[in-house]
Amino acid sequence: MENKLIEHGLNTNRRHFLSKLSLGLGSAALGSLLIPDLFSGSSGEAYGDAVAGVPHFAPKAKRVIYLFQNGAPSQLESFDYKPKLREMWGEELPDSIRQGQRLTGMTSSQSSFPMVGSIYDFQQYGQARAWVSELFPHTAKIVDDICIIKSMHTEAINHDPALTFFQTGAQQGNRPSMGAWLSYGLGSENSNLPAFTVLLSKGKGNGQGVYSKLWSNGFLESVHQGVQFSSGDDPVLYLSNQEGMSRQQRRKMLDRLAELNHLSFQKLGDPEIHAKVAQYEMAYRMQTAVPEATDLSTEPDMIFDLYGEESRKPGTFAANCLLARKLSENGVRFVQLYHQGWDQHGNLPNEMRDQAKDVDQASAALITDLKQRGLLDETLVIWGGEFGRTNYSQGKLTKENYGRDHHPRCFSIWMAGGGVKPGFVYGETDEFGYNIAKDPVHVHDFQATVLHQLGLDHERLIYKHLGRRFRLTDVSGHVVKDLLV
Amino acid sequence: MLLNVKVLANYYRIFSSRSLALAGIIGCLLLFACERGGSVGADSIPDQISYNLHIRPILSDNCFACHGPDANKREAGLRLDIEKEAFKTLKDNPKAHTLVPGNSNQSEVYRRLVSTDLNEKMPPPESNLALTSHQIKLIEKWIKQGAVYEPHWAFIPPKSPELPAVKLTTWPNNGIDYFILQEQEKRRLLPNAEADKETLLRRLCLDLTGLPPTLDQMERFMLDTSEDAYESMVDELLASSAYGEKMAVHWMDVARYADSHGYQDDNFRSQWPWRDWVIYAFNKNLPYDAFITWQLAGDLLPNPTKEQILATGFNRNHKITEEGGVIDEEYRVEYVVDRTNTFGKAIIGITMECAQCHDHKYDPISQKDYFQLYAFFNNIREVGHESNIGGPNTYAKHPKIEITEEDLNGILSFVNKKDTLGLIVSVMGDLDSIRPTHILERGVYDAPGEPVRPDLPESILSFSDDLPKNRLGLAKWLFDPKNPLTSRVFVNRMWKEIFGRGLVETVGDFGMQGDLPTHPELLDWLSVDFKENGWDIKRLMKQLVTSATYKQSAAIPADFAPLDPDNAYYTRAPRARIKAEFVKDLVMASSGLLVPEVGGPSVKPYQPPGLWEAAASTGAKFGLLGTYIQDTGDALYRRGLYTFIKRTLPPPSMIIFDASNRDTCEPDRTTTNTPLQALLMMNDPMVLEASRVLAARLLEEGESDEHKLKKAFKLIVNRTPLSSEIEILMMHYADQLQLYKNDPAEAEKALKIGEYPQVEQLDVAEQAALMQVVSLMYNLEETLMKS
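Chains H and R are the protein sequences, given in the same order. Counting in the working numbering, the first sequence runs from 1 upward without gaps. Counting in the working numbering, the second sequence runs from 1 upward without gaps.
Since the hints were made in silico from the structure, they are not lab data. All C-beta atoms, glycine included, are put in the ideal place defined by N, C-alpha and C. Careful, some of the hints might be misleading.
As the list claims (entries may be wrong) - Just a few of them, taken from the derived set where beta-carbon distance is under 8 Å, the chain R residues facing chain H:
{"#": "1", "residue": "323"}
{"#": "2", "residue": "387"}
{"#": "3", "residue": "664"}
{"#": "4", "residue": "747"}
Let's have the full structure, built from the sequences with the hints guiding it.
Right, here's the structure in full:
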């Protein structure tokens with residue numbers, strides 16, 4: 001008899017078990033109740049030895065806000081200043097620099113690859129003397145709070161696989177995204193809100209779509225799936241009761257439902273029935289918790305001024321930044337924003353100005369806002385796209401106009417807070433802005449570093465599926481210690 | 001029920017108060033604590049150690065990654081997965097032997113496992129792997145008993161075992177039950193009592209048709225006291241067209257069917273005639289060998305019919321890019337890889353993916369084996385990027401067929417097409433010449449290595465020289481009576497559909513890392529039986545649902561659960577939430593809204609506004625799917641499987657209930673229980689409209705309140721409610737009625753939901769109140785559960 005019970009216990013994956021419990025209870029609370037006695041220290045676990053709500057080591061950051069710039073903003077017009085490209089304007093990209101690297105089908109048949117420098121001016125800012133283009137005046141003011149990485153590189157050359165790679169660690173397939181991994185690894189801080197939320201917005205530039213697989217739970221339980229929030233009437237799908245149904249009526253309905261479900265339980269004895277009742281109760285709590293957490297109307301004018309006028313308009317990037325702060329403040333582990341419109345194959349000088357205007361003030365405001373609330377230390381903010389843009393013009397190059405194709409070999413992103421060095425610039429590209437000259441950071445390195453800041457070892461945050469142990473970082477990745485405080 | 005009590009009594013003596021507490025959370029955590037400490041106390045070491053049962057799972061999970069099939073990652077030249085390699089001396093220490101039969105201390109394997117020297121210890125600490133002391137003891141004993149290797153169970157062709165002898169001879173209904181009962185009796189367990197008729201009928205209808213029973217079916221079945229009442233109901237359901245629709249849902253997951261191309265702009269594709277064929281094939285009971293052969297190689301059959309060619313759409317259901325500027329070959333390779341992996345997971349239950357980039361770490365499948373299989377799918381007349389997002393010509397990609405009026409009036413009459421527009425479907429078709437296949441180094445499209453030809457892994461079954469070296473040959477190999485996997489994999493999946501868990505739990509992985517079968521003999525018996533009876537799928541389904549195992553009650557007798565907590569020995573019927581598609585079906589059918597039309601283009605029912613628009617690319621405006629244009633009328637009330645699947649943003653009502661996003665082959669869905677599901681059932685207009693419509697119908701019938709509620713309950717939960725249940729429902733109705741009578745304006749608002757015509761002459765308060773009670777019934781735990 002006892003054998004049977006023990007066998008059952010052993011057959012139940014510990015994490016699976018705890019994450020099941022955590023559905024209704026809030027795993028952080030549960031985790032901290034249990035850990036001291038049973039799960040402290042590290043010893044011979046076969047694999048995946050993190051328990052939901054329990055990091056591998058002391059975390060620097062508790063939460064992430066990821067401002068994904070979807071479509072790939074040009075590094076050459078933002079943070080990677082290349083005067084040489086201006087000098088060599090219109091000259092052919094030397095073969096010695098290109099080194100026969102592959103190009104996309106959009107420019108591979110171009111007869112010439114004329115180099116083009118930024119049409120915008122750059123200046124140095126802050127103690128780090130970081131170069132920032134005139135398109136990002138607000139970001140320029142916070143360079144001492146952020147860490148710019150100029151030596152990112154990726155493997156994919158097209159949007160879909162590159163985005164998927166950044167978010168899930170693999171170009172193809174249906175793997176869990178970064179937020180889902182964190183939800184799985186750390187659980188939720190707030191039992192009334194999902195651990196992983198997603199906010200979408202669109203810029204005016206040429207836009208590439210987003211896909212729900214980017215916030216997919218993949219093979220993890222669907223409780224780890226990103227929940228799309230919006231700043232409209234129904235911030236979460238199906239959240240509001242229908243017209244003509246009051247909250248009191250809902251309460252009554254749920255009480256009767258629980259009574260009836262309990263009768264079923266008496267007959268069937270299935271504990272899942274109680275789990276179901278608990279989910280309905282959480283849904284009920286979400287009905288008030290979510291609108292509270294997403295209600296921007298209580299924010300003072302000075303906050304809207306900080307984020308910019310657009311932040312008063314639901315669904316804009318600026319409004320989403322403010323919403324992200326609120327959600328994060330309320331314990332949402334991972335808030336993922338996507339802002340579309342960065343795909344400037346042509347007409348870059350015009351489109352990029354608008355794109356930057358859409359995001360610059362609010363991105364910087366988010367950092368300032370978190371800082372003044374004392375939350376920046378425990379919140380890791382990330383800003384960047386899925387790859388970079390070519391140093392040569394796609395299509396016709398004129399004095400006023402040019403475009404840039406996809407360029408996976410180098411690009412810039414920035415991070416802030418969460419134990420990342422402030423006022424720091426990392427990595428260098430060559431003077432043509434084509435290849436990395438120093439300190440390359442691969443996407444898997446970046447992912448390993450983010451997990452590390454959250455207290456998770458990317459080689460130990462594992463889920464076994466179809467016989468294989470999967471990681472966010474697949475089979476590679478190193479924590480970039482140089483970036484860390 | 002009585003029987004169970006007896007069993008319990010037998011066990012009660014050893015049921016100490018501590019072990020009772022173990023059933024609770026604290027108890028479970030104590031168990032984990034035991035696991036962590038590595039001392040499992042009561043977990044005994046069996047007298048006879050079996051390589052397949054006890055040792056291979058340990059070696060595979062902990063050792064094979066570095067000492068297994070992958071030649072490039074093999075450490076110290078040591079290979080543990082093959083018998084003749086494992087007894088060799090060590091490469092760097094010729095005096096030491098890896099395994100010395102009978103002597104664990106002289107066996108390097110054992111010595112390294114127990115070593116405390118971190119430089120020697122295996123697995124090395126940086127692998128984050130470690131064996132429990134129980135596992136080490138097993139290995140020690142296995143070596144002492146001679147370190148006998150066995151071939152992997154799943155690669156040995158199944159042989160039909162004799163039906164085992166059982167004590168409770170009155171229980172079995174068919175062969176299945178003997179195997180189940182034998183395992184129960186071994187553990188002094190007994191089967192549960194048979195479920196009552198109402199429960200059985202609901203279970204049967206949900207399993208065979210995905211629809212709840214109708215009032216007529218309920219009445220007929222309850223009144224039919226004849227011996228074969230149950231069997232004739234099974235036959236009736238198997239003969240209904242809803243059966244094919246039910247079966248198709250699972251196959252659509254396996255075949256990653258969708259209504260859009262996927263990737264970047266994710267425009268429309270017109271692949272639905274393939275889905276209509278699947279429904280038709282299940283309904284006409286096309287044998288499994290033909291079902292698969294047509295899908296894999298219909299185009300290569302002698303004088304193929306258009307139906308057989310349409311079936312090959314299976315291998316063109318994968319995502320296809322329309323993103324400008326992609327590198328053509330990169331994507332063409334991606335499609336071939338998708339087909340290869342789908343073949344592995346869907347049909348032979350082997351996860352091939354790993355071997356795309358390197359030799360498989362666990363299964364005897366080398367990278368060469370992978371690309372030899374890949375070669376079968378590499379000869380298609382296709383390109384990686386055929387066209388950008390655009391008009392009707394882009395809705396299918398070459399090779400493709402056009403479905404003509406003549407087809408619709410003839411061989412493809414099952415394709416439900418009403419308009420006169422052109423209709424194209426992507427299908428398979430080979431090049432006239434052979435496209436050379438190479439091993440792709442690291443799996444990358446632009447790194448071709450050694451050339452290879454179509455061939456199949458010998459470790460499974462060698463590919464006979466007599467067979468054509470193309471997809472038709474591949475299909476013949478699958479249905480060679482000696483193939484160890486084909487039948488087992490399918491039978492196991494159908495078992496899982498019905499019983500909620502597989503006989504092999506990892507339904508997509510029969511390899512080394514997959515679970516061992518809980519009932520190996522039953523699996524083999526069923527597999528051989530299926531094969532020998534003409535791969536007859538309906539016969540198989542009937543066998544499953546007419547077993548006594550199936551007909552057990554799902555009720556967990558009080559205090560009985562700990563004896564078989566996971567129901568691994570089938571001591572009761574499983575309870576399982578119905579799939580996303582069937583949630584809609586249940587709501588539609590019970591409210592009377594269901595439009596039972598079979599097949600046709602997928603439909604766009606209610607969906608929260610703005611979802612597609614918020615995510616769509618700028619380019620999406622050149623296609624059909626940038627904006628969600630909701631359907632109206634009958635299209636709103638079709639079965640769930642016809643809901644339009646846009647890959648990059650699949651319908652939330654499906655995804656919230658764990659449906660596949662159809663990105664890749666998914667042989668197995670997970671089932672979760674989340675608050676979003678609760679919100680959906682409470683607030684989705686689909687459910688609210690159905691509640692309103694059913695309420696109006698009941699009011700129009702003019703029966704008593706109690707009668708109305710009973711009828712609604714019977715329609716939705718498919719059983720007669722208890723008086724205590726009716727009491728609560730009546731109370732709820734009275735409250736709601738009072739509320740709405742006091743505030744008819746609120747009632748008006750509540751009724752304004754959905755496009756189905758309102759019934760004006762009814763009292764709004766009554767209608768709104770009844771609607772709320774019906775809506776409550778849709779939210780009952782039992783409603784969405786098969787039990």
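To see whether the hints hold, each was checked on the structure:
1. 323: Since the shortest Cβ distance to chain H is 6 Å, the answer is holds.
2. 387: Hint on residue 387 of chain R: violated, closest Cβ of chain H at ~13 Å, above 8 Å.
3. 664: Residue 664 of chain R check passes; min Cβ-Cβ to chain H is 6 Å, inside 8 Å.
4. 747: holds (6 Å)
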